[in-house]
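Residue numbers (this note's numbering), protein chains in the order written: chain A, 1 to 264; chain B, 1001 to 1264.
Hints listed in this document are in silico derivations from the structure and should not be mistaken for laboratory results. Even glycine gets a Cβ: it sits at the ideal position worked out from N, Cα and C. Just so you know, not all the hints are guaranteed correct.
With the C-beta cut set under 8 angstroms, the calculated list includes, among others, these residues of chain A facing chain B [unchecked claim]:
(1) P69
(2) A83
(3) D114
(4) W115
(5) T116
(6) D117
(7) G161
(8) S164
(9) P167
(10) V209
(11) D239
Number of protein chains: 2
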Amino acid sequence: MTKFDEATQAIRVDENTYDVCLDPGYSIGGPLNGGYLMAVVLRAVVDASAHEHPVTTSAQFLRAARPGPARVRLERIKTGRTAEMTRATLLQDGQAFIETLVTTATLTAGAVPDWTDGPSAAMPPVERCVRLPDPRPESNMTLNAQVEMVFDPPTVGWLDGAPSGRPESRAYFRMAEPQDPDPFVLAFAVDALPPVVFSAGARGWAPTVDLTWHLRALPAPGWLTVLGSGRMIGDGWFDEDVEVWDSAGRLVAQSRQLARVGRG
Amino acid sequence: MTKFDEATQAIRVDENTYDVCLDPGYSIGGPLNGGYLMAVVLRAVVDASAHEHPVTTSAQFLRAARPGPARVRLERIKTGRTAEMTRATLLQDGQAFIETLVTTATLTAGAVPDWTDGPSAAMPPVERCVRLPDPRPESNMTLNAQVEMVFDPPTVGWLDGAPSGRPESRAYFRMAEPQDPDPFVLAFAVDALPPVVFSAGARGWAPTVDLTWHLRALPAPGWLTVLGSGRMIGDGWFDEDVEVWDSAGRLVAQSRQLARVGRG
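Next up, chain A with everything else stripped away, as it sits in the complex (with noise of 0.2 angstroms):
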C-alpha cells in the first residue's frame, strides 16, 4: 500500500457510511487539495459499487475541508446491469464539505477506442520540462511533496514574472512514491496542476466551485500527461478544463471546473 493508498483508504461502517482520514500531506496553503478528496470520496463510492470503476465524477466544493477524521455518506440513486449513481457527501463534524454525483461502471482494460482525437497540445520531451520550485515551508504547500510534476516551460512563466498571457498549464505526473496510475490517482491529477489563470497573469486564491470528471479509460503504468486551458475568463469566474494521457497515448480522462478568480 503506498502513501497515496493510504492517504485515500476508506473503512466501511455500514453499506451507507465510510470513516475516513484527511491526510495533511495534501494541502495547497491550509485547505486540502480538491482531486486527494475526490479521490477519498471516490475510494468509498468504488468499495460499495457493484461497478468497479468511477466513469463521472460531479463535485461541488462546499467548504475548505481540513486533515483529521471524517466521514462519506452515500446514497444509492440507481442500480444498473450498465452502470450506477451514487451520491456521496464527505462530512466533517456532521457538515457537508464536499457534495458528489458519481456514475460507477467497469470499463474494459486494454480497450481499444473506436475514434480517437489527438492530444490538444504538444508537449516537449520530459528532458526539457522543469519542476516547480519547492515551497516555502510557512506557505503549508505540502502537496508539492506527493507528485513529482514537471512543466511545459512556456506555461509556468508565471513564476518569473513572465506569464504566457492565455490560460494554460502543461506537465508530465506521477505520484513521487512509485505508483502506476489507477482511476484515484486520475482523480487527484485532474485537479493537480497550478490554476490555468496564473498562466494568463493572474495570482492569488483561485477556489474550484465544481469539477467534473470522467475516467476514459484504464491507464497505462508510467508518466500522465496532464494538459490544462481555459476557454475564457470574466465577471470573477475562470473554467479550467484537463485531459489527462497516459503513457501510451491514449486519453484516460477528462475534466471541467469552475472556479473563481482575483479573490487575491
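Dock chain B against chain A, hints included.
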C-alpha cells in the same frame, strides 16, 4: 409567455417543492429531451434561489421521463453571498428521473471578458447551412418543431450515408417561436444537437448518462452558434462537448456529456 416558457414553468408548492408538467412537444422518439428537462428543473431551482442564474448544472439521467405531471424536489446544500448550491431531483410518481447539483450565482449583464479564446470551429454563413428533414410523424420526434437549427453541411453528411468520420455537429440555433435566448434556452441548446457520434458513423439510440454545463455569460438576442465535438469513442461510451456562442461573439455556455453508443 412563449410556448417554451410555458412548457418549462414550475409552480411553487413550498420552498422545497415545485409542480411541473412535462410537455409532449419535446420528445425524441418517446423519451423527452434531456436539455428540455434540465430547463424545467432549473426554473424551479432559480425561482427558489437568492441568485438569478444557473452557473453550473450537473445532471444524471436515471430513467427516460415521459410527458405529464412531475415534481421538482429541492434540497438547499449551501447558501452564500457569491453562490448557492442546490440539489434538485425531478420525480414522477415518486420515482427519481433526473438528479442534479446546481450552482446559482448572479452574473453581470454585458460583462466584458478579461480573456477569451475564439470558437473552436469556423461556421459558414447561415445561408449556407441546412435544415434536417422533417421527421416522420410516427417517429415521435416532436422536438424538431420547437427549434430552428441549420447545420454546417459536412456535419449532417450522415443523413445521406456520408458521415464525416469524426464526431461533430455544428448548427445555428434559435427557438422556432421567436424568443431571445436566456439561461433556460441555453440548458435546452446544449443537448439539442443530434449525437456527435452520428458523424463518426454510429446510429441508433445514444442515451445521455450525465451532463454538466456551465453558463458563462448572459446571451445577446439572436442566433446562437452551437458547436459540438467529441474526443474519444470507445468501450461503448462517447463524450460530447458543446460550446455555445451568442450573436455578439461571446462564449455563453460550455457543456460535456457522457453517453452510451451502439445500443442501435
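The hints, checked one at a time:
no., hint, verdict
1, P69, "violated (22 angstroms)"
2, A83, "holds (6 angstroms)"
3, D114, "holds (5 angstroms)"
4, W115, "holds (4 angstroms)"
5, T116, "holds (5 angstroms)"
6, D117, "holds (5 angstroms)"
7, G161, "violated (18 angstroms)"
8, S164, "violated (11 angstroms)"
9, P167, "holds (7 angstroms)"
10, V209, "holds (6 angstroms)"
11, D239, "holds (6 angstroms)"
In this structure, the hints that do not hold are numbers 1, 7, 8, in rising order.
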